[in-house]
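Enquirer: Residue strings, one per chain:
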Amino acid sequence: MIVEIGHYAVVTALLLSMLGVAAPIIGLKRKNAAWVQVGQRALILTFVLITVGMVAMIYSYLTEDYSVKYVYATSNSKLPIFYKIAGLWGGHEGSLLLWAWILAFYSMAAATLHWKTQPVVMPYLILMESIVLCGFLLLILFLSNPFERIFPAPLDGKDLNPLLQDPAMVVHPPLLYLGYVGLSIPFSFAMAALFSGRLGEEWVKVTQRWTLFAWICLTAGILMGGYWAYYELGWGGYWGWDPVENAAFMPWLVATAFLHSVMVQETRKMFKVWNLFLIILAFSLSLIGTFLVRSGILSSVHSFAADPGRGVFILGFVAFMLLLSFGTLILRSAKLKSSVTIESVVSREAIFLFNNLFFLVALVTVFIGTLYPLLMEVLQFNKVSVGPPYYNAVFMPVALGLIFLMGIGPYIPWRKTTAKNIKELFGLPLMLAFGAGVLLFIFGIREEYALASMTVVAFVAAAIFIDFRKIALFWGKRDRVNPFLGFLSAYRRNPRRIAGLITHVGVLVMIVGITFSSLYQTEKILIMKPGDEVSLKSFQLRMATLHGAEGVNWEGKEALFDIYQEDRIVTQMRPQKRFYTVSQTPTTETAIYQTNMGHLFVTIPEVSPDGTWARVRVLHNPLVLLVWYGGGIMGIGGFLNIFRRDRKRSVVSVASGVTAKTAPSLASGRDGIVAQRSES
Amino acid sequence: MRLGRKTGIVFSISLIVFGLGYLAYGNFGKNLVYFVTPSEVVTFESDRYGRKIRVAGMVVQASLKVVPNTLKITFDLTDGAETIPVAFEGVPPDLFKEGTGAVVEGFWDADGVFHSHMIMAKHEEDYMPIEMKNAGMTLPTKGIIKTLQVK
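Just so you know, the protein sequences line up as chains P and H, in that order. Going by my numbering, the first residue of the first sequence is number 184, and it counts up by one from there. Going by my numbering, the first residue of the second sequence is number 21, and it counts up by one from there.
These aren't lab readings, by the way, just hints derived from the structure by calculation. Treat the hints with caution; some may be incorrect.
[As the list claims (entries may be wrong)] Derived CB-CB ranges, DEER-like:
id	chain 1	residue 1	chain 2	residue 2	range
1	H	Ser83	P	Val238	27 to 35 Å
2	H	Asp131	P	Glu331	46 to 54 Å
3	P	Leu514	H	Glu65	49 to 57 Å
[To be verified] Listed next, the in silico DSS-like pairs over lysine-lysine satisfying Cα-Cα at most 30 Å (straight line):
id	chain 1	residue 1	chain 2	residue 2
4	P	Lys252	P	Lys341
5	P	Lys740	P	Lys712
6	P	Lys712	H	Lys92
7	P	Lys740	H	Lys85
8	P	Lys452	P	Lys603
9	P	Lys299	P	Lys388
10	P	Lys653	P	Lys452
11	P	Lys740	H	Lys92
12	H	Lys92	P	Lys720
13	H	Lys117	P	Lys707
14	P	Lys740	P	Lys720
15	H	Lys92	P	Lys566
16	H	Lys50	P	Lys261
17	H	Lys50	P	Lys566
18	P	Lys660	P	Lys606
19	P	Lys712	H	Lys50
20	P	Lys707	H	Lys92
21	P	Lys388	P	Lys214
22	H	Lys117	P	Lys341
All residues carry an ideal CB built from backbone N, CA and C; glycine is no exception.
Can you make the complete structure from the sequences, with help from the hints?
Expert: Set out below in structure tokens:
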């Protein structure tokens, strides 16, 4: 009964989202604001109704109603309550419902928050959001309906895929979707700007926080997925250039490029068409990503079902959105000739240009690698796959280039600069970086890529540190406080810049983690019996026992390892081989011991049937934790940026004429000057 | 003067694009791995020995043998028409077992054995390599009703 209520609620939501498409169009035609209001109310109601649908589904999970086919397929009465709820996004149908719910939430939020301030944009925003919503609700109701019942009702469910019974997997899909779908808001604003012809800097400023929030969620979602793969798949790596990972990574690349290039538009009124293009591309890639993952054309962990009908529908829908958005862009962008051109290769706008170029090259690389095999298959040529070495070969130089730019971009002045200025700005960081490189070489780092990446990281770190120190001292002196408080006061004056730089620090930390954990990983695979010992790096592992173990919905074997370092026992580790009885699936549970930001990682992928020996895999991943700590710092930087309080800028226009040399901060250029003046 | 700056930008952009494009192109072809079926593998001429490929098929029942005290296992892989022996060294995935679909990566050699270092198995119960589906093969499907009867 409850499920039927949910079902009808979502059917009504579909009808309302159609109204959401029609009402703003009528409103625009008749120049009648009341119709736009109708559209807004329709959007809000759509959200409420999809929420009813979600609650109904969760209700049937909690009440163990296995007559609902989807609940039957993704849950079981033995599951802990936590995973019962998470079962909703453990399969295809529920994931799409979650997608639509998040989309409805964003649409409602944007249509309410900007209702008063953005009246001109509103009809187009409601229109675009409703179109996307409509498409997804059609897909849910007609091709992948989670409310469908089966008869006769099974007594118990088939169980949630054991690999998904994991805390990281509970939050990974919602975060990823918050990221994917969040990009729809800046996308809709961009489309509104195109339709309404208000192509100034306004849409860029309004959407900045939306994009940032989506970006943070996307980053967190990707990292969470990586963490899950790292320990739950017992594989020891966190990134495998799997098509599904790529599907999430592509919108991230473009969103990151967009976050950077909008700054050029805000400050220098350049890159206008480019920014429109980027955000449309970013959201299109979200849709393409959804298509790739949900249509089932990729055979991977994430493709729950291969149903041609769904594939064709999503493909058609994506094609429609691409035509609509890029078509409008092409038709409308002709009048958008930027009046300003780049004056010098050594200017901040040029650095931004190179930043975007690198991101786009990265995108094209991933795009080709992901879609080429599909294209080959569709054209009935040989079936192929593209191996990770391809991605690594292209990505490492691109990443190095991007990090290098991180050390230059924030400090180099806008417009142009002089050789003397460059020497002043980058002389010290370059020397420090060179020193760091030599030191690392002396300490035995001989891998070319490790040396290169650490030298570049040192360069950027030095540049950031020198800048932070300089502004801390400057504002400390000015406000007569200590440098630490001076830094805080600098943050209050220019929060966006400082928050951005904190995100950069996060990237650096992550790069250190990636470099060391991938280039200096050590591994041993062997067969061990209780009593056997093996050593890896400074650790000695002794298998003490190999015994049976069981949990609520699984049974299996557990090995107990004593871990010694310099003949002293430091810890015990218990990797498991589980067998989930309901779904009849085996899994390998990893045991991890943290050591100096690195991990000792032990799995027993195979235990002999008689339980006398186990195949053991031991890994040492140095500094691997920095990958996620770096992600955390990136997130902090992002949130500081979202929740920043912009100061009212009284003087804006004159500042651009002043050379950057007089700026208090290390060539923070206009921003610094503006802050200084509004102070006086 | 203006032209000079523009040329500078265009030049640096082309340099980056061509450099990375060359890198991508060079590595792309090298890292393409072709999917084949056991039927195709058995027809290989010597020029294709030792080249990295992926073979999709079903693991033949009762063919899996573990070489004692090593990390080696051997098994047969079939697409219904032809069967090839596979020698694998490493850690097979959790879901790898007899009677299920698997994709193995490695190379075919003159000894008539497929040497593999990586196995990919799928956890969907009704998974079967797409090549076999195309060949019209079907798996014994566990219907919902059947599952109920077991309960």
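Enquirer: For every hint, state whether the structure bears it out.
Expert: Okay, the hints, checked on the actual structure:
1. H:Ser83 to P:Val238: 27 to 35 Å: Given a distance of about 50 Å, which is not inside 27 to 35 Å, the answer is violated.
2. H:Asp131 to P:Glu331: 46 to 54 Å: 52 Å, holds
3. P:Leu514 to H:Glu65: 49 to 57 Å: About 55 Å separates the Cβ atoms of Leu514 of chain P and Glu65 of chain H, which means 49 to 57 Å holds.
4. P:Lys252 to P:Lys341: Cα-Cα ~10 Å, so holds.
5. P:Lys740 to P:Lys712: 13 Å, holds
6. P:Lys712 to H:Lys92: Status holds; Cα separation ~17 Å.
7. P:Lys740 to H:Lys85: 21 Å, holds
8. P:Lys452 to P:Lys603: Measuring from Cα to Cα gives roughly 27 Å; hence the hint holds.
9. P:Lys299 to P:Lys388: Holds - the C-alpha atoms of Lys388 of chain P and Lys299 of chain P are around 16 Å apart, at most 30 Å.
10. P:Lys653 to P:Lys452: 29 Å, holds
11. P:Lys740 to H:Lys92: 22 Å, holds
12. H:Lys92 to P:Lys720: 25 Å, holds
13. H:Lys117 to P:Lys707: 24 Å, holds
14. P:Lys740 to P:Lys720: Measuring from Cα to Cα gives roughly 27 Å; hence the hint holds.
15. H:Lys92 to P:Lys566: Holds - the C-alpha atoms of Lys566 of chain P and Lys92 of chain H are around 28 Å apart, at most 30 Å.
16. H:Lys50 to P:Lys261: At roughly 48 Å apart (the allowed maximum being 30 Å), Lys261 of chain P and Lys50 of chain H break the hint.
17. H:Lys50 to P:Lys566: Holds, at roughly 15 Å.
18. P:Lys660 to P:Lys606: 26 Å, holds
19. P:Lys712 to H:Lys50: 41 Å, violated
20. P:Lys707 to H:Lys92: Roughly 15 Å separates the two Cα atoms, so the pair holds.
21. P:Lys388 to P:Lys214: 26 Å, holds
22. H:Lys117 to P:Lys341: 20 Å, holds
The structure fails hints 1, 16 and 19 (numbered hints given earlier, in ascending order).
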